[in-house]
Amino acid sequence: MAADPRFHPAGPPLTLAEAAAIAGGELRGGDPARSVATVGPLREAGPQAISFLDNRRYAAELEATAAAAVVLRGAFLDRVPAGTAAIVTDNPYLGFARIAARLHPRPAPRPGTHPTAFVDPAARIGDGCEIGPFAVIAAGAEVGPGCILGPHAVVGEGVVLGEDCRIGAHASLSHCIAGRGVVLLPGARIGQDGFGFAVGPGGRFETMPQLGRVMLGDFVEIGANSCIDRGSQGDTVIGPGTRIDNLVQIAHNVRTGHSCVIVAQVGISGSAILGHGVQLGGQAGVVGHVTLGDGAKAGAQAGITGDVPAGTDVLGSPALPARETRRMVAALKRLGTRDGSG
Amino acid sequence: MAADPRFHPAGPPLTLAEAAAIAGGELRGGDPARSVATVGPLREAGPQAISFLDNRRYAAELEATAAAAVVLRGAFLDRVPAGTAAIVTDNPYLGFARIAARLHPRPAPRPGTHPTAFVDPAARIGDGCEIGPFAVIAAGAEVGPGCILGPHAVVGEGVVLGEDCRIGAHASLSHCIAGRGVVLLPGARIGQDGFGFAVGPGGRFETMPQLGRVMLGDFVEIGANSCIDRGSQGDTVIGPGTRIDNLVQIAHNVRTGHSCVIVAQVGISGSAILGHGVQLGGQAGVVGHVTLGDGAKAGAQAGITGDVPAGTDVLGSPALPARETRRMVAALKRLGTRDGSG
Amino acid sequence: MAADPRFHPAGPPLTLAEAAAIAGGELRGGDPARSVATVGPLREAGPQAISFLDNRRYAAELEATAAAAVVLRGAFLDRVPAGTAAIVTDNPYLGFARIAARLHPRPAPRPGTHPTAFVDPAARIGDGCEIGPFAVIAAGAEVGPGCILGPHAVVGEGVVLGEDCRIGAHASLSHCIAGRGVVLLPGARIGQDGFGFAVGPGGRFETMPQLGRVMLGDFVEIGANSCIDRGSQGDTVIGPGTRIDNLVQIAHNVRTGHSCVIVAQVGISGSAILGHGVQLGGQAGVVGHVTLGDGAKAGAQAGITGDVPAGTDVLGSPALPARETRRMVAALKRLGTRDGSG
Chain A
1 MAADPRFHPA GPPLTLAEAA AIAGGELRGG DPARSVATVG PLREAGPQAI SFLDNRRYAA
61 ELEATAAAAV VLRGAFLDRV PAGTAAIVTD NPYLGFARIA ARLHPRPAPR PGTHPTAFVD
121 PAARIGDGCE IGPFAVIAAG AEVGPGCILG PHAVVGEGVV LGEDCRIGAH ASLSHCIAGR
181 GVVLLPGARI GQDGFGFAVG PGGRFETMPQ LGRVMLGDFV EIGANSCIDR GSQGDTVIGP
241 GTRIDNLVQI AHNVRTGHSC VIVAQVGISG SAILGHGVQL GGQAGVVGHV TLGDGAKAGA
301 QAGITGDVPA GTDVLGSPAL PARETRRMVA ALKRLGTRDG SG
Chain B
1 MAADPRFHPA GPPLTLAEAA AIAGGELRGG DPARSVATVG PLREAGPQAI SFLDNRRYAA
61 ELEATAAAAV VLRGAFLDRV PAGTAAIVTD NPYLGFARIA ARLHPRPAPR PGTHPTAFVD
121 PAARIGDGCE IGPFAVIAAG AEVGPGCILG PHAVVGEGVV LGEDCRIGAH ASLSHCIAGR
181 GVVLLPGARI GQDGFGFAVG PGGRFETMPQ LGRVMLGDFV EIGANSCIDR GSQGDTVIGP
241 GTRIDNLVQI AHNVRTGHSC VIVAQVGISG SAILGHGVQL GGQAGVVGHV TLGDGAKAGA
301 QAGITGDVPA GTDVLGSPAL PARETRRMVA ALKRLGTRDG SG
Chain C
1 MAADPRFHPA GPPLTLAEAA AIAGGELRGG DPARSVATVG PLREAGPQAI SFLDNRRYAA
61 ELEATAAAAV VLRGAFLDRV PAGTAAIVTD NPYLGFARIA ARLHPRPAPR PGTHPTAFVD
121 PAARIGDGCE IGPFAVIAAG AEVGPGCILG PHAVVGEGVV LGEDCRIGAH ASLSHCIAGR
181 GVVLLPGARI GQDGFGFAVG PGGRFETMPQ LGRVMLGDFV EIGANSCIDR GSQGDTVIGP
241 GTRIDNLVQI AHNVRTGHSC VIVAQVGISG SAILGHGVQL GGQAGVVGHV TLGDGAKAGA
301 QAGITGDVPA GTDVLGSPAL PARETRRMVA ALKRLGTRDG SG
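Protein chains in written order, with our numbering: chain A, 1 to 342; chain B, 1 to 342; chain C, 1 to 342.
Derived by calculation from the structure, the hints in this document are not laboratory data.
These figures come from a predicted structure and were not determined experimentally.
Relax, there's no trap hidden among the hints.
Below are the DSSO-like pairs computed for lysine-lysine, each with C-alpha atoms no more than 30 Å apart in a straight line:
| # | chain 1 | residue 1 | chain 2 | residue 2 |
| --- | --- | --- | --- | --- |
| 1 | C | Lys297 | B | Lys297 |
| 2 | B | Lys333 | C | Lys333 |
| 3 | A | Lys333 | B | Lys297 |
| 4 | C | Lys333 | A | Lys297 |
| 5 | C | Lys333 | A | Lys333 |
| 6 | C | Lys297 | B | Lys333 |
| 7 | B | Lys297 | A | Lys297 |
Let's have the full structure, built from the sequences with the hints guiding it.
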C-alpha cells in the first residue's frame with residue numbers, strides 16, 4: 001500500500017525523469033515521462049509508486065516489486081523486474097528521501113492561534129506560526145516565525161525558539177534557547193531541573209539549584225518523551241544538526257558537537273562531552289564527566305565508563321574497543337563450551 | 001488494608017460459593033454463603049477480603065493471613081489457617097483476577113464531553129464516550145462508542161479508535177488506526193515520526209519522510225510514556241492482545257504477532273519482526289531487521305543481535321540461547337575466582 | 001557566564017563573610033565585605049560569582065578562574081589564584097549548594113488559579129497555591145497549601161498532595177497519596193495501572209485489577225517522564241527523601257526506604273523491596289520480588305537478579321559483588337588477549 005492519504009496527503013506528481021534528477025541518479029529502463037504520485041516499500045509499492053533498495057537483505061523483494069521505479073545501486077540493476085525502472089545512484093537512501101519529501105512534503109504551518117491556546121500577553125510570536133489547541137506560551141517567551149506548536153505544547157517563561165521550529169504535542173520547554181528548525185517530538189522534556197543534590201547533616205539530601213540553561217543548536221531534533229535537563233552551572237548544549245531518538249536521557253551540563261546521532265533509550269550522565277558526529281547505539285550509557293572524541297561510536301547497550309578517543313568504535317559493558325570486545329565474547333563462548341563439555 | 005474506596009469503589013459483594021465459581025475453583029473449608037466485599041494481599045487481607053497465593057515465596061504469609069478465603073493450588077491446602085477458606089484451582093492467579101474484576105469492576109465510561117475539551121467539528125464520536133477535560137479530537141478522527149479519553153488526551157487528525165478504547169491522561173495518537181478495547185496509559189506516544197534520515201553532502205542529515213501508520217490490534221495495551229513510531233514506508237503493527245509495559249520504545253516498521261509481552265524499558269529497533277507470543281524481559285533490546293519466532297523469549301537486559309528461532313529462550317548481551325549464556329556466566333565466575341586466587 | 005537572569009532571577013547579594021557562614025566554611029584570602037551576586041562554574045564565573053571545586057578532575061580550572069571565591073577543601077588552597085578567595089570546608093558541594101540556594105532562591109508560588117485551569121467543585125485546594133494554565137484537579141482531590149501545579153498538570157480523583165508540593169508541566173497523578181514537599185518533574189506518571197494480567201483460556205490475557213495506591217513520602221522527588229505504577233494489591237511506596245531521576249520505571253508494589261537514590265532509566269520490577277539509602281546507578285535493572293538491604297549500591301547498567309545484602313556494592317549483569325565482577329572483567333580481558341594472540 002502507498003502512503004495513506006488520510007495521514008499523508010500527496011503533493012503534485014513527478015515524472016521519472018524529474019524523480020531521477022531529484023535523487024541525483026540516472027534513470028535506466030523506464031519511460032522518462034511516466035508519472036509517479038507516491039512512494040512505498042518494495043513489497044507494497046504499486047505502479048504509481050517509487051521504492052528503494054538500500055539493504056541487501058531485501059534484494060529478493062526487488063525481483064517481485066510492482067513499483068514504477070526503484071532507487072538503487074548499480075550492482076542490483078540486473079535484478080530489477082520488467083516493467084520497473086531503475087534510478088541508479090551511489091546513495092539510494094538519500095535519493096529516495098529527497099523524492100519522498102517532494103511527493104509528500106512536510107505539512108506547512110497553518111498560520112493562526114487556536115482559540116483554546118493560552119499565549120501570555122508578554123510573549124512574542126513571529127509571523128506565520130501555527131499554535132495548536134491548549135498550547136501555552138508563557139511570559140517573556142519568544143517564538144520565531146513559521147513555528148508549529150502542537151496541542152498542549154508548553155513554551156515556558158523566557159524560552160526562545162528560532163524560526164521554523166516544530167514542537168510536538170505535550171512537549172515542554174523551560175530554561176531553553178533553541179535555534180532554527182528545531183524539532184521536538186511529542187512529550188519531549190527540555191530544560192527541567194537536573195539531578196543534583198548534596199548530602200547534608202543526617203544524610204538528608206539538599207537540592208543543588210540548577211542554574212543553567214539548555215542550548216539547542218539549529219536543526220536539532222529530539223524524540224518522543226526524551227529528556228534534556230538544563231545545566232546546573234553553565235549550560236547543557238546540543239550541537240547543530242544532532243538527532244536524538246525517543247526516550248533518551250541527557251543529564252545536566254552535557255555538551256555535544258554537531259551532527260551526533262543518539263539512538264533510543266541512551267542515557268548520558270552529567271557533564272559528559274561528546275565531539276562532533278558521535279554515534280551512540282540504542283540503550284547505551286555514558287558515565288559522567290567523560291569525553292567522547294569526534295566520530296566516536298558506541299554499540300547498542302554499550303556502557304561507556306571512560307574517555308573514548310576520536311574515531312574509535314566501542315562495544316560492550318564496560319565498553320572497550322570493538323575488536324577487543326569481540327575477542328572477549330568469542331573467548332568466552334569457547335570457554336563456556338569447554339567447561340560445559342568437560 | 002483492602003482496596004482504598006476513594007480510588008477503588010467496591011461493586012456488590014459475592015458469596016464464597018459465587019467467588020469459587022467465578023474462579024473456576026473448588027471451595028474448601030469455608031461457609032459457601034459467607035460474603036466477601038474486596039480483595040487484598042495475604043498480609044493485609046481482612047475477614048471481608050479474598051486473597052491468593054501464586055508464588056511459593058509468600059507461602060509463609062498464607063499461614064498468618066486473616067483473609068476470608070485464599071485462591072491457591074491444592075498443594076498449599078494444608079497451610080491454610082483456621083477461619084480461612086480455600087478456593088482450589090490450577091490457575092490461582094487467573095481465578096483471583098476474575099474475582100477481583102467482579103468485586104472491583106473497571107469504571108464504566110461516564111458519557112459526555114467535558115466542557116473544556118476540544119472536539120473538531122469534522123471529528124466523529126460514537127455513543128457513550130467519556131471525553132475528559134482538555135482532551136483534543138482533531139479533524140477527521142473517529143472515536144468508537146464507549147471510549148474513555150482521559151484529561152489532555154490527544155487524538156490526532158484522521159486517527160481511528162475502535163469501540164471501548166481507553167486513552168490515558170496526556171497520551172497522544174497520530175497516524176494511527178486502533179482496534180477495539182485498546183488501552184493507552186498516560187503519556188503514551190503513538191504515531192510520531194520514526195528516527196530516519198539520510199546523510200547528505202557535507203555530512204548533513206536529511207530527514208526521510210515517515211509515510212506509514214501505526215496499526216494497533218484489538219485489545220492491545222500500551223504502558224505509560226511508551227513510544228511507538230509510525231512506519232517509514234508501510235506500517236508499524238502491534239498484534240492483537242499484545243501487552244506493552246511502561247517506557248518501551250518501538251521503532252518504525254516493527255511488526256509483532258498477537259499476545260506478545262513486552263516488559264518495561266524494552267527497545268525494539270526498526271523493522272524487527274516479532275512472531276506470536278514473543279516475550280521480552282525488562283530493558284531488553286532488539287536490533288533492527290531481525291526476526292523473533294513465535295514464542296521466543298528474552299531475559300531482562302538481553303541484547304538481541306540476530307534472528308531468534310521460534311520457541312527459543314535467550315539471555316545475555318549479546319543474547320545467546322539461555323543454556324549457553326548460563327554456562328558462560330558460570331565459566332566466567334570460575335575463571336574470576338581462579339585468576340583472583342592465583 | 002553567570003546564571004541567565006531571564007531564567008534565574010537573583011535574590012539579594014551576599015558578602016563573602018555571609019557566604020562562608022552559609023557554607024559552614026572558613027573564608028581564606030578575601031575581603032569579608034566583598035559582595036557576590038551569583039554563582040557559576042570555575043571556567044565561567046566572573047568577579048561577581050562564587051564557584052566550587054569538588055571533583056579533582058577540574059582542579060586545573062581552579063587555577064584559571066576569575067571567581068570572587070571558590071568553595072573547596074583545604075587540600076586545594078594552594079591552587080587558588082590571586083584575586084580569588086577560598087571558602088574552605090570538608091563538604092564543598094553542600095556548602096556551595098546552600099550559597100547557590102540563597103543567591104537564587106527557588107521561585108515561590110504565585111498564589112492563584114489560572115483562568116484556564118479546571119478545578120472540580122469537589123476538590124479542595126489549600127492556601128497560597130499556584131495552579132497553572134490548563135491544570136486539572138479532579139473531584140475529591142486535596143491539594144495542600146503552598147503547592148505549585150505547572151501547566152497541564154493533572155491531579156486525579158481523590159489524590160492527596162501535602163503542602164509545598166511542586167508538580168511539573170504535564171505530570172499526572174492518580175490513586176496517590178503524597179506527603180509534603182514532593183516534587184514531580186514534567187511528564188512524571190504516578191499511579192497508573194501496573195503491568196498485571198493472567199493467562200486465560202486459549203492464551204488470552206485477562207487483566208489483573210490494580211487495586212492499590214502509590215504512597216509518596218515527604219520530600220520525594222521524581223524525575224521527568226518517570227513512571228510509578230500503583231500497587232496491584234496493597235501499595236507502591238516511595239520512602240521519604242528518596243530521589244528518582246528521569247525516565248525511571250517503578251513497577252507495582254515496589255517499596256523503598258528513605259533517602260534512596262535512583263538514577264535515570266533504572267527499572268525496578270514488581271514487588272521488589274529497597275531498604276534505606278539504596279543507590280541504583282543509571283540504567284540498572286532489578287527483577288521482581290527481591291530485597292536490597294539498607295545502603296546497597298548497584299553500578300550503572302547492573303542487572304540485579306537476587307537479594308542484595310545491606311551495605312553491599314554490586315556491579316554487572318547479572319550483578320555480583322563489585323570485587324567479584326571486577327575480577328571477572330579483568331580475567332576476561334586477559335583471556336581475550338591470550339586467545340586473540342594464540
